[in-house]
Amino acid sequence: MIEQTELVITKWQYHPPVNSIEDGPEKLFSSVSFDVMKKRAATKKGIACRFTVRFEFENKTILEYVGEDSYVIDLHDIIDKTELQRMIRNSYSKFQEKFEFKKLATVLSNKSLLPFDETKYDLNPVLLLLQ
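Residues 1 to 131 in my numbering are what the sequence shown lists, from first letter to last.
Please keep in mind that the hints were generated in silico from the structure rather than gathered at the bench.
Incorrect hints may appear among the rest.
When the alpha-carbon atoms are kept at most 30 Å apart in a straight line, the in silico DSSO-like pairs for lysine-lysine are as follows [as the list claims (entries may be wrong)]: (1) Lys-11 x Lys-103; (2) Lys-45 x Lys-81; (3) Lys-94 x Lys-27; (4) Lys-44 x Lys-98; (5) Lys-39 x Lys-111; (6) Lys-102 x Lys-60; (7) Lys-94 x Lys-120; (8) Lys-81 x Lys-38; (9) Lys-38 x Lys-98; (10) Lys-60 x Lys-27; (11) Lys-27 x Lys-98; (12) Lys-44 x Lys-81; (13) Lys-98 x Lys-120; (14) Lys-81 x Lys-60; (15) Lys-27 x Lys-111; (16) Lys-45 x Lys-94.
Distance ranges between label pairs, derived from CB positions [what the hints assert, rightly or not]: (17) Asp-122 x Asp-77: 18 to 28 Å; (18) Thr-10 x Asn-59: 22 to 32 Å; (19) Gln-131 x Val-8: 38 to 48 Å; (20) Pro-16 x Glu-97: 18 to 28 Å.
Cβ atoms here follow ideal geometry from the backbone N, Cα and C, with glycine treated the same way.
Can you build the whole structure from these sequences, using the hints too?
Dropping the structure here:
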């Protein structure tokens with residue numbers, strides 16, 4: 001059995017820019033990073049997925065947003081690449097949902113997160129963590 005935990009926002013650090021982002025939209029950049037950590041207990045195994053997004057405007061970070069989501073898996077369950085991809089997509093979807101709500105109080109209210117590019121990550125080492 002696989003159980004997904006609630007996404008936890010571990011960092012939401014917002015610094016309003018001095019100048020309007022509408023005056024220089026070409027100066028606004030964002031990036032997404034993804035980390036995976038192994039978790040293990042006597043009868044369970046699992047992973048924690050951490051996504052980090054940074055928005056920069058005029059070479060200054062205006063938002064750093066970090067969220068973590070975990071999966072707890074019975075030791076005898078086998079996770080294949082398709083299942084792992086589904087787990088990561090679900091986690092990123094929850095990460096996006098939280099952003100869509102929290103961004104409303106920022107100058108980024110009409111911005112969206114970049115789509116998660118799975119092709120940038122080799123999932124085979126993550127699969128090894130789950131064996």
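To see whether the hints hold, each was checked on the structure:
1. A threshold of 30 Å between alpha carbons decides the hint, and for Lys-11 with Lys-103 the separation of about 13 Å falls inside it, so the pair holds.
2. With a C-alpha separation of about 16 Å, the suggested pairing of Lys-45 with Lys-81 holds against the 30 Å cut-off.
3. In summary, the hint linking Lys-94 to Lys-27 is supported, as the alpha carbons are separated by about 28 Å, within the 30 Å threshold.
4. Between Lys-44 and Lys-98 the alpha-carbon distance is near 28 Å, which keeps this suggested pair within the 30 Å criterion.
5. This hinted pair does not check out: Lys-39 and Lys-111 have alpha carbons roughly 34 Å apart, beyond 30 Å.
6. A C-alpha spacing of about 20 Å is found between Lys-102 and Lys-60, which places the hinted pair at or below 30 Å, so the restraint holds.
7. Under the criterion of a C-alpha separation no larger than 30 Å, the hint pairing Lys-94 with Lys-120 is consistent with the structure, at around 20 Å.
8. Of the supplied pair hints, the one linking Lys-81 and Lys-38 holds, its CA atoms being roughly 16 Å apart against a limit of 30 Å.
9. Using a Cα cut-off of 30 Å, the hinted pair Lys-38 and Lys-98 holds, with the two alpha carbons roughly 24 Å apart.
10. Pair hint Lys-60 plus Lys-27 holds up; C-alpha atoms about 10 Å apart against a cutoff of 30 Å.
11. Distance restraint check for Lys-27 and Lys-98: the Cα-Cα separation of roughly 25 Å lies within the 30 Å cut-off, and the hinted pair is therefore satisfied.
12. Distance restraint check for Lys-44 and Lys-81: the Cα-Cα separation of roughly 19 Å lies within the 30 Å cut-off, and the hinted pair is therefore satisfied.
13. Pair hint Lys-98 plus Lys-120 holds up; C-alpha atoms about 23 Å apart against a cutoff of 30 Å.
14. This hinted pair does not check out: Lys-81 and Lys-60 have alpha carbons roughly 37 Å apart, beyond 30 Å.
15. Among the hinted pairs, Lys-27 with Lys-111 is consistent with the structure: their alpha-carbon atoms are about 14 Å apart, no more than 30 Å.
16. Between Lys-45 and Lys-94 the alpha-carbon distance is near 22 Å, which keeps this suggested pair within the 30 Å criterion.
17. Checked against the hint of 18 to 28 Å, the pair Asp-122 and Asp-77 passes, with Cβ atoms roughly 22 Å apart.
18. Taking the beta carbon of each, Thr-10 and Asn-59 are about 25 Å apart, inside 22 to 32 Å as hinted.
19. Against the hinted window of 38 to 48 Å, the Cβ-Cβ separation of Gln-131 and Val-8 comes to about 26 Å, which falls outside the hint.
20. Remark: the range hint 18 to 28 Å for Pro-16 to Glu-97 is upheld by a beta-carbon distance near 23 Å.
Of the hints listed earlier, those the structure fails to meet are numbers 5, 14 and 19, in rising order.
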